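Q: Chains A and B are the protein sequences, given in the same order.
So that you can map any letter, position 87 of the first sequence is 86 in numbering that gives the first Met the number 0, and since no number is skipped, the others follow by simple counting.
So that you can map any letter, position 268 of the second sequence is 267 in numbering that gives the first Met the number 0, and since no number is skipped, the others follow by simple counting.
The set of hints was computed from the structure by calculation and includes no laboratory data.
One thing to keep in mind: the hints can contain errors.
Simulated coverage check for chain A against chain B, where a stretch passes if three residues somewhere in it have a Cβ under 8 Å from a Cβ of chain B [stated by the list, open to error]:
hint, stretch
1, 24-35
2, 44-55
Listed below are the simulated BS3-like cross-link pairs for lysine-lysine, each with C-alpha atoms no more than 30 Å apart in a straight line [as the list claims (entries may be wrong)]:
hint, chain 1, residue 1, chain 2, residue 2
3, B, Lys90, B, Lys74
4, B, Lys7, B, Lys195
5, B, Lys429, B, Lys416
6, B, Lys495, B, Lys557
7, B, Lys495, B, Lys387
8, A, Lys68, B, Lys591
9, B, Lys465, A, Lys79
10, B, Lys598, A, Lys59
11, A, Lys62, B, Lys503
12, B, Lys503, A, Lys59
13, A, Lys70, B, Lys588
14, B, Lys214, B, Lys185
15, B, Lys335, B, Lys466
16, B, Lys557, B, Lys588
17, B, Lys588, A, Lys81
18, B, Lys102, A, Lys59
19, B, Lys503, A, Lys70
Since we're looking at a predicted model, the values are computed, not measured.
Just so you know, even glycine gets a beta-carbon here, dropped at the ideal spot from N, CA and C.
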Amino acid sequence: MDLNQIIVFELENKLYSIEINYVMDVYEYMESIRVPNSEDYIEGIINLRGNVITLINLKKRLKIDRNKKEKNVIICEFNKEKFGLTVDEIIGIENIDKTVNTDYDSGFVKGFIERDNREIMIIDLGRIITKT
Amino acid sequence: MNTSKYEKLFISEAIDYIEQISDSILELEREPNNIESVNSIFRGLHTIKGMAASMGYGDITQIAHQLEDIIDLVKNGKIKLYKELIDILLKGNDYMEMLVQKKPVDPDILRSFRSVLKSIEAGSEKSIESKTSELVKTVTGNVLDIIFEDDVVLKAARAFVVMKAIQDTGYYNDCAPSYNDILEGKFEKNFKVELKDNAPIQDLIKQIKSIPEIKDVKHLAEKQIKNKIEDKSYDIDESGIKVKNDIRVSLDRLDNLQNFASELVIARGRLQQLAYGLQDNELINSLNNTSKIIANIQDEVMKIRMVPVWQVFDRYPRYIRDLSNNLKKNINFEIKGRSIELDRSLLNTLADPLLHLLKNSVDHGIELPEERLSANKSEQGTLILEAKRLKNAIMISVTDDGKGIDENRILIMAIKKGLVTEEQAKNMSKQEILNFITYSGFSTREKANDISGRGVGVDAVKNILKKIGGSFEIHSEYGKGTTFNLKVPLTLAIIKSLNIRVEKERYIIPLTHINETIDIPTTEIQNIMGREVFVLREDVIPIIRLSDLFNIDTNKEKAKYSLVIVNVEDNDFALLIDEFIEQTEIVVKSLKGILSDIKGLAGITILNDGMPSFIIDVPGIFEMAKVR
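So here's chain A without its partners, still in its complex pose (with noise of 0.2 Å):
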């Protein structure tokens, strides 16, 4: 069966998600090194078990104003590049047809399922990282 999972979270009240496959792990927020001269939504680095671990602001990055405070960040890989994501609060995991919608392209967002009559969307981890 092609089915995939999700990890959702929320930021500012809306639902996002990433495929779980990507996710390393998940902590709660943590304080890190400030990055000097970096991008404003590089919230800085962590050292994750001998690892150095950039920590990225995704609603920074996403460019949604900031009103909550986040709780939790997710640690990712991708391309061999692991990184952290801050998000408000983590929801949960859902199941996914892994062909659902993922042909949405609209920025950092690469496609979107609706559970529950609320929409979730799934971030393109492949933009988040790359700078623009």
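Chain A is fixed; fit chain B onto it per the hints.
A: Coordinates of chain B only, in the frame set by chain A:
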């Protein structure tokens, strides 16, 4: 025999020998009477021949063999060296290298090359046949010197017995004087027999000594020669068997070892902090002992990785020679400081950038002989590649006495490309102008050529140096010559550095760039034409506030500051920070992906307390400050 698993080893060893041969050929060209170079070429060829034969590589074996024959003729004075012969030797060496590396070589070329070698051999033999008897034949390798009694009666007969005895064992290779001469007794008191490498020397000596009228048999092996040349890489034990004292280890393994050693150093730092926090003396003592051992391990690992720069430098003379021949330039290429040691992977990283700079000097720097003469210079240009040891770094420089760089032309280009306005250009220092060469895509040559490419070179060199925590400078005087200076850290993985603080942020400055550090009261900071400076031993040194460059929030002016005096491109400047925390050894991690190319940062490390920290790119900071 299944040779595939030996193939890698064969290739890497053969390449070493081929390089050695190439160097020796060039040495021989410079000093045609240097018998040591001849011997070195001979030994190299001999070894390659043997190795290739055991691997079943017929082509390599044949070429090595024929080159060996020619060198043998040179050695025996049967042919004189001339330029074309040197070329042929070099070409032969090239073919061997191509074959070893499995690069395609046109079989027709090989065939005709071999016939050239044959004709040289034949030609020389004809010309000297008449005086053969006067020439002394020599043998090398595993040699027995058979010495007869002073009053030997049956010289020829005894000689025959000796020769027969040796031949019967099947270990006979060659002899001197010639076989016939020996059997006819045409030798003084002794003759020499070359044996195969695996001959049971002691048994043979015993056997020959038992023959009447033989005074002594000496084993000449390659003992004396080998020991001198390869110093300690071989021991000869009593039976005359070579015992290798070194082994080959893949760089990957060495890198792993280095990484673990580095991790160990970091782990030690963390443990130490914990131990001191606990104030447990027993723990601290035993930790101190462990620390010493760790320091020793780290030291040894570091030493393993250190190799003399000639391992890379010696590749260049050949290249420079060919290139200058092609370009019809007359260049004396000198290498200085060959024995200075550098981390192996660091040295390998520098191989291409250095080659590029050398090419640059040959191609664009040094003029044609006639141009030089009309500019009142010596006909022959000089190109120097030099390694020097500095306090915490190594300086490698490429210097030529060629035409130098025309700043005006650079400036015009820079204005044309919109890098500076004409207004700004008026106040630029020479150093700043020369720096434009290191900008990506900047080249004053309108046309690219296959030698120096399209102006991607110098900026690539600069980037590589930034990556390894070094710096790159250009000095040039129009009409007189150019020098490229590459300052590189001693090692790549662990660097000594200063841990500093500005407000709540900590950064790392590699010691490579630091001249000195100094604490000053804020009152000593002066303002000259809107720029902050301070006076150090009568020199006015500009101050750069790290908090400005890194946008660090500062609350209010403090009563005192610390200054790190660094030197970039011959300019001293002072980096203003809050305080020095400590001097540490750090393991450098490079900036990758989304963090790459951030201004002012050269890398990341993890500090003893587990917090990551950025390593400051000192030359980069200097450039940022200039722009402001």
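Q: Between B:Lys588 and A:Lys81, is the straight-line Cα distance small enough, at 30 Å or below?
A: Holds, at roughly 14 Å.
Q: Residue count check for the stretch 24-35 of chain A against chain B: does it reach three with CB-CB under 8 Å?
A: Coverage by chain B holds here, the residue count being 4 at a Cβ distance below 8 Å.
Q: Tell me if the straight-line CA distance from B:Lys102 to A:Lys59 falls inside 30 Å.
A: 53 Å, violated
Q: Just to be careful, I want the Cα atoms of B:Lys495 and B:Lys557 compared with a cutoff of 30 Å; is the pair within it?
A: Holds, because 28 Å separates the two Cα atoms, which is no more than 30 Å.
Q: Holds or violated: B:Lys335 with B:Lys466, Cα cutoff 30 Å?
A: 25 Å, holds
Q: Does the stretch 44-55 of chain A contain three or more residues whose Cβ lies closer than 8 Å to a Cβ of chain B?
A: That given contact holds, which follows from 7 residues of the stretch 44-55 of chain A lying within Cβ reach (below 8 Å) of chain B.
Q: Between B:Lys465 and A:Lys79, is the straight-line Cα distance small enough, at 30 Å or below?
A: The hint holds at about 24 Å.
Q: Is B:Lys214 close enough to B:Lys185, meaning Cα to Cα at most 30 Å?
A: 18 Å, holds
Q: B:Lys503 and A:Lys59: Cα distance at most 30 Å?
A: Roughly 24 Å between the alpha carbons, so the hint for B:Lys503 and A:Lys59 holds.
Q: Hey, B:Lys557 versus B:Lys588, does the alpha-carbon distance stay inside 30 Å?
A: Between B:Lys557 and B:Lys588 the Cα gap is close to 33 Å, so the pair fails against 30 Å, i.e. violated.
Q: Would the pair B:Lys495 and B:Lys387 pass a check requiring their Cα atoms to be no farther apart than 30 Å?
A: 19 Å, holds
Q: Does the alpha-carbon distance linking A:Lys68 and B:Lys591 stay inside the 30 Å limit?
A: The hint holds at about 28 Å.
Checked against the numbered hints given earlier, this structure breaks hints 16, 18; the rest are met.
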